[in-house]
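Under this note's numbering, the very last position in the sequence shown is 224; numbers go up by exactly one each time.
Hints in this document: simulated from the structure, not taken from any laboratory. Do not rely on the hints blindly, as some may be mistaken.
[Said to hold, decoys possible] Calculated lysine-lysine pairs in the DSS-like style (CA-CA distance at most 30 Å, straight line):
no.	residue 1	residue 2
1	102	79
2	175	117
3	88	102
4	178	194
5	165	175
[As the list claims (entries may be wrong)] So the derived label-pair ranges between C-beta atoms look like this:
no.	residue 1	residue 2	range
6	97	198	29 to 37 Å
7	79	196	43 to 51 Å
8	96	66	15 to 23 Å
9	93	187	19 to 27 Å
10	158	200	20 to 28 Å
11	190	159	44 to 52 Å
12	86	186	43 to 51 Å
13	72	169	32 to 40 Å
14	202	170	43 to 51 Å
15	187	106	39 to 47 Å
16	204	167	47 to 55 Å
17	58	190	33 to 41 Å
18	175	105	19 to 27 Å
19	203	107	46 to 54 Å
All figures in this text were calculated on a predicted structure; none of them were measured in a lab. All residues carry an ideal CB built from backbone N, CA and C; glycine is no exception.
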Amino acid sequence: MRGYALALIFAACAAQAEPALTNRATDVLAQPQSDAGKLASLAENDKVEVLRRSGAWSQVKTGAGQAGWVRMMHLKPASAGSGSGGAAQGPAGALANLLGSGRSANNATVTTGVRGLQEEDLQKAQANPDEFRKMQKYMASRDAGQAFARQNKLGAAQVDYLQDLERPAPASGDSVMPGMTGG
Numbered sequence: 042m043r044g045y046a047l048a049l050i051f052a053a054c055a056a057q058a059e060p061a062l063t064n065r066a067t068d069v070l071a072q073p074q075s076d077a078g079k080l081a082s083l084a085e086n087d088k089v090e091v092l093r094r095s096g097a098w099s100q101v102k103t104g105a106g107q108a109g110w111v112r113m114m115h116l117k118p119a120s121a122g123s124g125s126g127g128a129a130q131g132p133a134g135a136l137a138n139l140l141g142s143g144r145s146a147n148n149a150t151v152t153t154g155v156r157g158l159q160e161e162d163l164q165k166a167q168a169n170p171d172e173f174r175k176m177q178k179y180m181a182s183r184d185a186g187q188a189f190a191r192q193n194k195l196g197a198a199q200v201d202y203l204q205d206l207e208r209p210a211p212a213s214g215d216s217v218m219p220g221m222t223g224g
């Protein structure tokens, strides 16, 4: 019986929409895709209710009652800046605090983005001639580049080279891949 009651409480909390604000002007789309049809536009700091999430997208309901999808990065918690840290907001957060083990909430921030290369990654890099040849197939010729520039009314720009930086000498046995220059 107790398990049944807890299941009902969790279901009720899960059904609750989370209040949020837009952190920039954004469009409400029909599907969670960049090329989906636009249903509405929202200004910065417009209030919405987050109904559910799918990948990098949040399904929201606007103040006007319009439901659609916005990028998760375009939203912030409605209570941001209230001093509570945003860790446990609404009924679901209250329930989590009530049933928690007494440990403090994890206020870590999750970031969506691309991980960059570190110096260590570059030092461990290995040549892959097959992938290099595959990459070369995508290279445009000088004539194709110039035709593209003419077609799009692009002009030439003079860009000065950076001064050569001190580079370590290749280890013995290392070689530059065919078609690439080392300097």
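Results of checking the hints against the structure:
Simply put, residue 102 and residue 79 have alpha-carbon atoms about 14 Å apart, close enough for the 30 Å limit, and the pair holds. Between residue 175 and residue 117, the direct Cα distance comes to roughly 42 Å. Violation of the 30 Å bound is thereby established for this hinted pair. Restraint check for residue 88 and residue 102: satisfied, since their Cα atoms lie roughly 9 Å apart, inside the 30 Å limit. Proposed proximity of residue 178 and residue 194 is supported: the alpha carbons are some 26 Å apart, at most 30 Å.
Restraint check: the Cα-Cα separation between residue 165 and residue 175 comes to about 21 Å, which is no more than 30 Å; the hinted pair holds. A hinted range of 29 to 37 Å for the beta carbons of residue 97 and residue 198 is consistent with their spacing of about 35 Å. At roughly 34 Å, the beta-carbon separation of residue 79 and residue 196 lies outside the given 43 to 51 Å, and the hint is violated. A C-beta distance of roughly 22 Å is found between residue 96 and residue 66, which places it inside the suggested range of 15 to 23 Å.
Restraint check, residue 93 to residue 187: a C-beta distance of roughly 50 Å breaks the suggested window 19 to 27 Å. Between residue 158 and residue 200 the C-beta distance comes to about 23 Å, which sits within the given range of 20 to 28 Å. The supplied range of 44 to 52 Å is broken by residue 190 and residue 159, whose beta-carbon atoms lie about 35 Å from each other. Between residue 86 and residue 186 the CB atoms are about 44 Å apart, so this pair conforms to the stated range of 43 to 51 Å.
For residue 72 paired with residue 169, a C-beta distance near 38 Å keeps the hint of 32 to 40 Å intact. Distance hint check for residue 202 and residue 170: the Cβ-Cβ separation is about 27 Å, which falls outside the suggested range of 43 to 51 Å. Our hint of 39 to 47 Å for residue 187 and residue 106 is violated, since their Cβ atoms are close to 54 Å apart. Checked against the hint of 47 to 55 Å, the pair residue 204 and residue 167 fails, with Cβ atoms roughly 29 Å apart.
Checked against the hint of 33 to 41 Å, the pair residue 58 and residue 190 fails, with Cβ atoms roughly 50 Å apart. With their beta carbons about 50 Å apart, residue 175 and residue 105 fall outside the hinted range of 19 to 27 Å. As the Cβ distance of residue 203 to residue 107 is approximately 51 Å, the hint placing it in 46 to 54 Å holds.
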